[in-house]
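Q: Spelled out from the first residue to the last, the chains are:
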Amino acid sequence: MDLSDLARRPTEWLRGTGGMSDVVISSRVRLARNLAGMPFLGRCSAEQTVEIEHRLRDCILAAGFADETIYVDIDQADEIDRGLLVERHLISRQHANGDHRRGVAFSPSETLAIMVNEEDHLRLQVLRSGLELDDAVAEAIAADNRLEESLSFAFHRKYGYLTACPTNVGTGLRVSVMLHLPALKMTGEIEKVFRAAHDMRLALRGLYGEGTEATGDFFQISNQTTLGKSEEQIIREFCVDTLPHIIEYERRAREVLLSKRAIAIDDRADRSLAVLRAAKLISSDETMYLLSLIRMGVTLGQCRDLDLATLNELFLMTQPAHLQKMLGRKLEPFERAEARATYIRQRIEAACK
Amino acid sequence: MNFKCDKCGKPATIHLTEIVDGDKLEKHFCQNCASTDGITIQAEVPIGQLLEDFVLQSGGENEPPELVCEVCGMGFSEFRDNGLLGCPNDYDVFADSMAGILERAQEGAVQHIGKVPFGSDDVQKRQTAILRLRSELKTAVSGENYERAAAIRDQIKELES
Numbered sequence: 001m002d003l004s005d006l007a008r009r010p011t012e013w014l015r016g017t018g019g020m021s022d023v024v025i026s027s028r029v030r031l032a033r034n035l036a037g038m039p040f041l042g043r044c045s046a047e048q049t050v051e052i053e054h055r056l057r058d059c060i061l062a063a064g065f066a067d068e069t070i071y072v073d074i075d076q077a078d079e080i081d082r083g084l085l086v087e088r089h090l091i092s093r094q095h096a097n098g099d100h101r102r103g104v105a106f107s108p109s110e111t112l113a114i115m116v117n118e119e120d121h122l123r124l125q126v127l128r129s130g131l132e133l134d135d136a137v138a139e140a141i142a143a144d145n146r147l148e149e150s151l152s153f154a155f156h157r158k159y160g161y162l163t164a165c166p167t168n169v170g171t172g173l174r175v176s177v178m179l180h181l182p183a184l185k186m187t188g189e190i191e192k193v194f195r196a197a198h199d200m201r202l203a204l205r206g207l208y209g210e211g212t213e214a215t216g217d218f219f220q221i222s223n224q225t226t227l228g229k230s231e232e233q234i235i236r237e238f239c240v241d242t243l244p245h246i247i248e249y250e251r252r253a254r255e256v257l258l259s260k261r262a263i264a265i266d267d268r269a270d271r272s273l274a275v276l277r278a279a280k281l282i283s284s285d286e287t288m289y290l291l292s293l294i295r296m297g298v299t300l301g302q303c304r305d306l307d308l309a310t311l312n313e314l315f316l317m318t319q320p321a322h323l324q325k326m327l328g329r330k331l332e333p334f335e336r337a338e339a340r341a342t343y344i345r346q347r348i349e350a351a352c353k
Numbered sequence: 354m355n356f357k358c359d360k361c362g363k364p365a366t367i368h369l370t371e372i373v374d375g376d377k378l379e380k381h382f383c384q385n386c387a388s389t390d391g392i393t394i395q396a397e398v399p400i401g402q403l404l405e406d407f408v409l410q411s412g413g414e415n416e417p418p419e420l421v422c423e424v425c426g427m428g429f430s431e432f433r434d435n436g437l438l439g440c441p442n443d444y445d446v447f448a449d450s451m452a453g454i455l456e457r458a459q460e461g462a463v464q465h466i467g468k469v470p471f472g473s474d475d476v477q478k479r480q481t482a483i484l485r486l487r488s489e490l491k492t493a494v495s496g497e498n499y500e501r502a503a504a505i506r507d508q509i510k511e512l513e514s
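Quick note, the sequences are listed as chains U and H, same order. Quick note on numbering: the first sequence equals residues 1 to 353 in this note's numbering. Quick note on numbering: the second sequence equals residues 354 to 514 in this note's numbering.
Be aware that one or more of the hints could be misleading.
Computed footprint of chain U on chain H; a stretch qualifies when at least three of its residues, placed anywhere within it, have a C-beta under 8 Å from a C-beta of chain U [unchecked claim]:
#: 1; region: 418–430
#: 2; region: 447–457
The following label-pair restraints were derived from C-beta to C-beta distances [stated by the list, open to error]:
#: 3; chain 1: U; residue 1: M326; chain 2: H; residue 2: E456; range: 22 to 32 Å
#: 4; chain 1: H; residue 1: V469; chain 2: U; residue 2: P108; range: 23 to 33 Å
#: 5; chain 1: H; residue 1: S514; chain 2: U; residue 2: K158; range: 44 to 54 Å
#: 6; chain 1: U; residue 1: A196; chain 2: H; residue 2: E456; range: 14 to 24 Å
#: 7; chain 1: U; residue 1: A46; chain 2: H; residue 2: G453; range: 26 to 36 Å
#: 8; chain 1: H; residue 1: R457; chain 2: U; residue 2: A138; range: 24 to 34 Å
#: 9; chain 1: U; residue 1: D134; chain 2: H; residue 2: S495; range: 45 to 55 Å
#: 10; chain 1: H; residue 1: E456; chain 2: U; residue 2: A264; range: 44 to 54 Å
Read the hints as simulated data drawn from the structure, not as lab findings. All of these numbers come straight from a predicted model, not from anything done at the bench. Quick reminder that beta carbons are idealized off the backbone N, C-alpha and C, glycines included.
So here's chain H without its partners, still in its complex pose (with noise of 0.2 Å):
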């Protein structure tokens, strides 16, 4: 269907639908006087910047540029991306970025009140050392520092025990 613009008679390219008092109005104008009307966002900018714009609004504004796990090199993005996060820690590092998606998966709740492992007391912490120790297990093998990972996995143990 051909429209012309209520304004000036030229092919019109927008095409409003407003609803006043519950009566439809439709309107019809070309690119010129819809954007001397201020209706449209300046057609000059490309989609693709648009996109771009609301993409990084809507990342967060008070998001730093790029979180990444220590432990397992997991960054914000990958977790974004594919739902999925790689290592305990990350909820921690991830901790404020997430709260939204955890919120939201999790109608608001933030804290766990369900069963707890025995002796959790410092369970946390303790785990979170072994994490760190196995990363820098990965790191001394894949570095033939053998003489390193053997004490790595010394410690490893005690911890485990």
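One chain only, chain U, in its complex shape (with noise of 0.2 Å):
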């Protein structure tokens, strides 16, 4: 299928809008399955993966999760529809660069994903704007039992549903939401976090998740654990006993700096605007610094000439395969730094009026 029109819409889990939206930017809920009676992937020979491929698409197609469910075979798409995939977190960066059969499935508002033949034979996602775990997961659920009526998962009575990785195994669940934690990365109290969250066995990652590393302002937090414990318990202790905290720390790290100078805050916010609106060439990590900053100044009520829905929108289209995919051809990176700017003037010009 043609996915042009994704590269020119927002995504619905950017809305700005849900839970704790200020610090929030996204929710997202994976469940990990293998079918049973297959060897896990690294095991199956080539005719197996095709045959997992051809089942799980024929059956996730069957199961009516949205009007129109849109599959990608991945093995298939060129490398700005990989990526524009991975922009937009509907794959991950691991299942854009295989070389096996593979593909994705995911609903038109994009809130549920299903990766086909990734680690495991199935990952299925649900995202959502802010915090909003507790919705995500009954959705993970719910299509998880739906798919259950026609496949059978590989399960195991002490171990749960079985992963190739032991790390996933038992209810193949994993939390994380995306963060924005400007004034803790200011204050230089972001190490705390960290820490914290290694001791509550929690991973903090960059804004792809796994193998990213976590820089500039945002950064991804998951539980660890998914053996032991029962899927509302995982969703309970990370919402609850963890996430709170870390919520807390940087409004009060934001207020601080409020209240010690908020005409800096403005400033900053400000002149970030200024640039965005002047820059004829803009690199991806400038225009993410700016952006940040201009969030933070919208989030305290300094900056109100933009919106967050704007902002996230701006973070997600300003990517190199957004870019490509608008322009409908290959980019060097100086010709994308053009691009990115001209896209970034027209949008704000627009949103400001």
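Dock chain to chain to rebuild the complex, using the hints, since each chain is given by itself in its own frame.
A: Here is the structure:
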């Protein structure tokens, strides 16, 4: 299918709404499953890999998750399309770079996505804007139940749902949230969060999950333990025992910055906006950096020119594959810098009218 | 920096830092004096051997030479190297050997208490049977034993329905 439409529209889970959306950008829940009676992917023959892909694709499309479920053959997709899906968090980088038969199914709203033949045969994820994990896990489990009506997943009395890597065994459930923590980064207190997260057995990663560094002001935090706890317990521990503290910590750091010198926050946000309105060439890193400063200004009521939805949209649309898809061709980095700057200027002018 | 042996004055190659009652004490010895004093482990043992001994020891004394899953052919050392299992049956075959790994990864938990599939009572038994049949099917097909392959396919179909 042609993914050009995707590149032109923002995605549901970046609406800037939902719980705690001043700090929590989005929530994600994922379940890992494998077909019973089949080896895990690393031990599958090419024929078995194809057989799994066919079977899962048929069942997913027949399950009627959405009015029109979109399915993309990843091994047929070109580099830009694969990049686009990664940037929209519909597939992992690992899934984009494989060389076997694999695919992804997703709903038009992109809130439900199912990767076929990633590390496990099936990886089902639900995405939500803001902190909405209860809702997300309920949808994921409902989707899993629906699939179990026609599929039998590898299951063990003791170990639960079996996965290729034992770090996912049991519930196969990974919950994560994407956080914007500019104030903690600015005050240097982010290190404490890293340490506390580590002690609480949570993983802190960069924007694109596993294998990406936590750079800039955006972080993904997720649970590590998948066995010996029920799904509800995992969500509860994550949402009640851990997350509120980090959010509170960031809010407090923002308030301290605000009470010390509100004008400094205002100044940084407005200067950042001025640069974005004027730049003719801009890198992805600089864009992220400036958008982060504006976002903090907006959440503290200091910058009223833009709203969170527009900022989130800019984060997404200014990434390499999105720019290339919008222009319909491969762009060299210097061409991207120009295309990015042009897109940002137009988008901000439209929003500030 | 060149230190001389505290005992004989030859060039020192062994350097020790001891902390006694909070005071830092640095000692320097040549190879000879150090081994007469029993400070170093025998220096003749090549480093390669030391490592090998260490690896063998830490590999777990209760572990037989190499566990291999008869269904998927995965060996335990292969799993240890790349972290991924070959098939569901590996969880049983490697149960003892990977107990430590699992406990470290899962905060010591060993029992699933989350969601279970519908009618999961004999799900597992049936699943293992299917897995075994599939591996037999692979062998039959590669050995061009199509009659046997067809029979196995029927059995799989029956178990899956």
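Q: Taking 45 to 55 Å as the hint, is the beta-carbon distance of D134 (chain U) and S495 (chain H) inside that range?
A: holds (49 Å)
Q: Taking the CB of A46 (chain U) and the CB of G453 (chain H), does the distance hold inside 26 to 36 Å?
A: holds (34 Å)
Q: Could you tell me whether the CB distance from M326 (chain U) to E456 (chain H) stays inside 22 to 32 Å?
A: Hint violated: Cβ distance 49 Å, outside 22 to 32 Å.
Q: Within 44 to 54 Å: is that where the Cβ-Cβ distance between S514 (chain H) and K158 (chain U) falls?
A: At 26 Å between Cβs, range violated.
Q: Do at least three Cβ atoms from the region 418–430 of chain H come closer than 8 Å to Cβ atoms of chain U?
A: holds (count 4)
Q: Count the residues of the region 447–457 of chain H whose Cβ falls closer than 8 Å to any Cβ of chain U, and tell me whether that reaches three.
A: holds (count 3)
Q: Does the beta carbon distance between R457 (chain H) and A138 (chain U) stay inside 24 to 34 Å, or does it fall outside?
A: Holds, at about 31 Å.
Q: Should the hint that A196 (chain U) and E456 (chain H) are 14 to 24 Å apart at their CB atoms be regarded as holding?
A: Given a distance of about 23 Å, which is inside 14 to 24 Å, the answer is holds.
Q: Verify the CB-CB distance for E456 (chain H) and A264 (chain U) against the hinted window 44 to 54 Å.
A: Given about 49 Å between the Cβ atoms, the range holds.
Q: Looking only at beta-carbon atoms, does the pair V469 (chain H), P108 (chain U) fall within the given range of 23 to 33 Å?
A: Holds - the Cβ-Cβ distance for V469 (chain H) and P108 (chain U), about 32 Å, lies within 23 to 33 Å.
Hints 3 and 5 from the earlier list are contradicted by this structure; the remaining hints agree with it.
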